[in-house]
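*Asks:* One letter stands for each residue in the lines below.
Number of protein chains: 2
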Amino acid sequence: MTLTTNVNVEAQAMEAKKASKKLMILSEEEKNQALNHLADVLEREYETILAANEKDLANGREKGFTDAFMDRLSLSKERVAEFAQGLRDVSKLEDPTGQVVTDWTLENGLQVEKVTVPLGVIGMIYEARPNVTVDATGLALKSGNAIVLKGGSSAINSNQAIVEVMHRGLEETKIPKEAVQFIASTDRAATNELFKMKEHIDVLIPRGGGKLIQAVVENATVPVLETGVGNCHIYVDKHADVEKAINILVNAKTDRPAVCNAAETLVVHKEWLNDNKDALIAALKENNIAVHGDEYILDIIPGSVLADEDDWANEYLSTDIAVKAVDDLTEAIAHIETYGTKHSEAIVTEDAESAETFFALVDAAALYHNASTRFTDGGALGFGAEIGISTQKLHARGPMGLPALTTVKFLMKGTGQIR
Amino acid sequence: MTLTTNVNVEAQAMEAKKASKKLMILSEEEKNQALNHLADVLEREYETILAANEKDLANGREKGFTDAFMDRLSLSKERVAEFAQGLRDVSKLEDPTGQVVTDWTLENGLQVEKVTVPLGVIGMIYEARPNVTVDATGLALKSGNAIVLKGGSSAINSNQAIVEVMHRGLEETKIPKEAVQFIASTDRAATNELFKMKEHIDVLIPRGGGKLIQAVVENATVPVLETGVGNCHIYVDKHADVEKAINILVNAKTDRPAVCNAAETLVVHKEWLNDNKDALIAALKENNIAVHGDEYILDIIPGSVLADEDDWANEYLSTDIAVKAVDDLTEAIAHIETYGTKHSEAIVTEDAESAETFFALVDAAALYHNASTRFTDGGALGFGAEIGISTQKLHARGPMGLPALTTVKFLMKGTGQIR
Numbered sequence: 001m002t003l004t005t006n007v008n009v010e011a012q013a014m015e016a017k018k019a020s021k022k023l024m025i026l027s028e029e030e031k032n033q034a035l036n037h038l039a040d041v042l043e044r045e046y047e048t049i050l051a052a053n054e055k056d057l058a059n060g061r062e063k064g065f066t067d068a069f070m071d072r073l074s075l076s077k078e079r080v081a082e083f084a085q086g087l088r089d090v091s092k093l094e095d096p097t098g099q100v101v102t103d104w105t106l107e108n109g110l111q112v113e114k115v116t117v118p119l120g121v122i123g124m125i126y127e128a129r130p131n132v133t134v135d136a137t138g139l140a141l142k143s144g145n146a147i148v149l150k151g152g153s154s155a156i157n158s159n160q161a162i163v164e165v166m167h168r169g170l171e172e173t174k175i176p177k178e179a180v181q182f183i184a185s186t187d188r189a190a191t192n193e194l195f196k197m198k199e200h201i202d203v204l205i206p207r208g209g210g211k212l213i214q215a216v217v218e219n220a221t222v223p224v225l226e227t228g229v230g231n232c233h234i235y236v237d238k239h240a241d242v243e244k245a246i247n248i249l250v251n252a253k254t255d256r257p258a259v260c261n262a263a264e265t266l267v268v269h270k271e272w273l274n275d276n277k278d279a280l281i282a283a284l285k286e287n288n289i290a291v292h293g294d295e296y297i298l299d300i301i302p303g304s305v306l307a308d309e310d311d312w313a314n315e316y317l318s319t320d321i322a323v324k325a326v327d328d329l330t331e332a333i334a335h336i337e338t339y340g341t342k343h344s345e346a347i348v349t350e351d352a353e354s355a356e357t358f359f360a361l362v363d364a365a366a367l368y369h370n371a372s373t374r375f376t377d378g379g380a381l382g383f384g385a386e387i388g389i390s391t392q393k394l395h396a397r398g399p400m401g402l403p404a405l406t407t408v409k410f411l412m413k414g415t416g417q418i419r
Numbered sequence: 001m002t003l004t005t006n007v008n009v010e011a012q013a014m015e016a017k018k019a020s021k022k023l024m025i026l027s028e029e030e031k032n033q034a035l036n037h038l039a040d041v042l043e044r045e046y047e048t049i050l051a052a053n054e055k056d057l058a059n060g061r062e063k064g065f066t067d068a069f070m071d072r073l074s075l076s077k078e079r080v081a082e083f084a085q086g087l088r089d090v091s092k093l094e095d096p097t098g099q100v101v102t103d104w105t106l107e108n109g110l111q112v113e114k115v116t117v118p119l120g121v122i123g124m125i126y127e128a129r130p131n132v133t134v135d136a137t138g139l140a141l142k143s144g145n146a147i148v149l150k151g152g153s154s155a156i157n158s159n160q161a162i163v164e165v166m167h168r169g170l171e172e173t174k175i176p177k178e179a180v181q182f183i184a185s186t187d188r189a190a191t192n193e194l195f196k197m198k199e200h201i202d203v204l205i206p207r208g209g210g211k212l213i214q215a216v217v218e219n220a221t222v223p224v225l226e227t228g229v230g231n232c233h234i235y236v237d238k239h240a241d242v243e244k245a246i247n248i249l250v251n252a253k254t255d256r257p258a259v260c261n262a263a264e265t266l267v268v269h270k271e272w273l274n275d276n277k278d279a280l281i282a283a284l285k286e287n288n289i290a291v292h293g294d295e296y297i298l299d300i301i302p303g304s305v306l307a308d309e310d311d312w313a314n315e316y317l318s319t320d321i322a323v324k325a326v327d328d329l330t331e332a333i334a335h336i337e338t339y340g341t342k343h344s345e346a347i348v349t350e351d352a353e354s355a356e357t358f359f360a361l362v363d364a365a366a367l368y369h370n371a372s373t374r375f376t377d378g379g380a381l382g383f384g385a386e387i388g389i390s391t392q393k394l395h396a397r398g399p400m401g402l403p404a405l406t407t408v409k410f411l412m413k414g415t416g417q418i419r
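Protein sequence lines, in the order shown, are assigned to chains A and B.
Numbering follows UniProt numbering, with no gaps: position 208 of the first sequence is 208.
Numbering follows UniProt numbering, with no gaps: position 275 of the second sequence is 275.
Since the hints were derived computationally from the structure, they do not count as laboratory data.
All the pointers check out, no bait thrown in.
Copies of the same chain look alike in the list, so a pair counts if it works inside one copy or between any two.
In silico lysine-lysine, DSSO-like type, Cα no more than 27 Å apart, as pairs:
(1) Lys413 x Lys277
(2) Lys22 x Lys196
(3) Lys238 x Lys18
(4) Lys92 x Lys114
(5) Lys198 x Lys211
(6) Lys198 x Lys21
Can you make the complete structure from the sequences, with help from the hints?
*Replies:* Have a look at this one:
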């Protein structure tokens with residue numbers, strides 16, 4: 001497979017826009033048939049995909065990528081079958097477009113209808129995992145949107161093979177294959193070009209680490225749906241139940257440390273800590289959680305090291321945790337406001353008033369009282385499909401399902417009405 | 001009144017953010033009381049405002065501003081009373097925050113509630129009219145948001161006096177006066193600083209001409225609610241009723257030529273034009289509409305001048321109109337796609353299928369079949385209050401009421417749930 005770096009990003013974005021006009025008038029059935037056909041074709045041609053994936057894996061080994069990274073990159077017949085099943089599952093979801101949000105008639109007889117419609121063209125910028133190539137395509141097509149895919153360079157052979165297989169599949173459906181565009185370049189300039197395609201791309205969705213997302217937010221003129229960075233806190237209040245606090249902390253920290261809804265900092269009330277330090281220290285030790293604490297914590301938790309600004313501000317995405325001791329709820333909320341990323345924040349307490357204050361004053365997509373932050377997830381909440389977890393306030397906040405890929409039109413039907 | 005250019009934009013934005021935390025926990029009643037009190041104080045202190053306005057008017061006369069501009073700038077006792085009434089009207093609207101959008105309980109007992117909450121801090125960047133200072137403040141406070149106001153330099157004395165009066169008023173209410181910040185500077189650098197206050201300002205709303213809006217969209221890292229530029233088209237189809245077509249065209253063009261939902265271009269089917277040119281020519285003449293046409297039009301409409309790219313692409317905001325003759329609906333839609341600003345577009349036709357195609361394929365906030373584009377307006381549609389007309393697709397599209405100033409939080413109540 002030859003990877004040209006002379007891609008024409010604008011031409012591809014324009015093709016996507018043109019295709020989106022054909023796609024947006026297809027029926028729900030035509031879109032679902034196409035998704036199911038794509039699923040079949042992916043399963044049938046899995047060997048093509050695995051051969052391309054082998055090239056990426058060889059490159060990865062050469063570059064000495066970590067085992068965890070190689071695992072995310074690596075495909076198998078079973079993983080391809082999972083992609084296919086994902087498309088079939090999406091085909092079964094409710095079509096988010098064509099829904100009448102509200103309608104009314106003015107006194108002069110003008111009929112007003114506010115209807116959901118596709119956004120048009122989605123630009124997806126993502127890192128390692130090749131599954132995003134299929135997942136994002138499925139969600140885009142289901143919601144009547146074309147998609148421009150720009151994956152990470154480490155998976156470029158796999159991604160390109162997947163798109164080529166999907167293109168062959170689309171030729172046998174009502175969806176024009178130009179509705180799925182793949183930017184076959186490892187050149188950063190191509191990504192920067194995408195940022196400016198305001199005429200042709202309706203929204204950019206970055207999926208990946210904080211640096212990628214920051215680059216998109218700062219440089220894109222295309223509107224952005226910001227996803228993912230979660231520097232989540234568990235605040236254990238003075239009135240926290242010991243068992244709940246420890247269960248929630250351990251679960252939020254260790255269940256899947258590398259995901260965005262995992263806990264990164266424990267904020268703990270000094271009184272609770274002094275009463276329950278033995279139980280906490282035992283739980284941390286048992287679960288191999290490494291503590292980076294403030295001065296107060298260093299004296300209490302054996303083996304802890306001093307936390308610096310980086311510890312408070314960034315995600316570990318490992319079983320490390322930052323621990324801050326506070327005198328009261330106000331200090332806890334102030335710490336979360338300074339360092340939180342507005343993703344998911346939890347309070348553990350038996351005091352209803354403290355929970356209420358926490359809910360009112362902490363500015364985040366998801367707030368928890370006596371539960372693990374791990375529930376901020378489209379799957380766990382029963383959304384059927386998740387495009388990402390929005391950490392912004394406009395358009396969509398928190399876990400985003402298919403409706404986040406739609407906008408509205410006001411349709412006015414008259415008989416000659418004027419003002 | 002001394003106008004310092006050494007304003008500290010960041011300090012003001014931070015003050016607004018801090019105040020927003022106090023504001024967002026006030027009750028609906030407390031907010032409404034404050035709005036009504038502000039209305040009383042504005043009426044009581046109208047002379048202070050008029051004295052400051054006189055300075056702006058004197059500056060304006062010196063600079064030779066147009067009559068229309070001076071009219072928008074000019075205040076009177078009656079206009080101040082209208083501002084006050086606007087605040088009272090807003091106080092009567094439904095509180096858009098604290099509404100449960102949806103709630104459900106997971107199998108494990110975790111209760112999930114999606115609730116509307118204020119955005120936090122709104123940054124309003126606007127041009128001449130001082131009424132925006134009051135209107136925007138009223139809408140922000142009603143929805144629980146703090147506001148940072150940056151008005152045009154031509155109205156800076158009026159705006160500052162209005163804010164000072166409101167500050168005095170707020171001191172007698174539960175809303176901290178820091179919730180209303182006024183950037184008292186005519187320096188462009190101050191506006192540019194606002195663009196980057198992502199930490200403290202949650203959304204920027206530009207109100208004014210295309211250049212202002214473009215500058216905000218291109219330079220802001222704060223999310224933007226894009227409003228207002230309307231290069232609106234009336235497409236008169238082959239099967240258009242003559243009377244409806246002419247009434248709608250004349251109304252959309254001449255009722256209020258300077259507003260964003262006024263028509264700027266007539267796209268007309270050649271067959272209809274040839275059958276109905278006498279009626280059209282008479283109507284254009286009677287209403288003093290100056291025609292800038294393509295080659296085809298020049299031969300048909302007496303007195304028309306040749307349109308260039310600027311005519312197709314920009315708003316006249318006057319009784320001038322661009323006129324393009326087309327062979328069919330497809331050509332009409334293509335023209336609108338090239339030059340439209342996704343605001344309001346109309347088709348006049350008795351053919352239901354053409355109307356349906358127009359509705360499906362034209363990408364705009366509001367589409368009209370046999371009615372004037374002038375109805376794209378929060379007032380005309382019965383929204384009660386309008387923050388602006390969004391021409392973007394994310395968050396809010398078309399006329400925006402109070403809900404556009406809110407976001408959501410997912411509130412999760414558990415009893416120790418973990419994954």
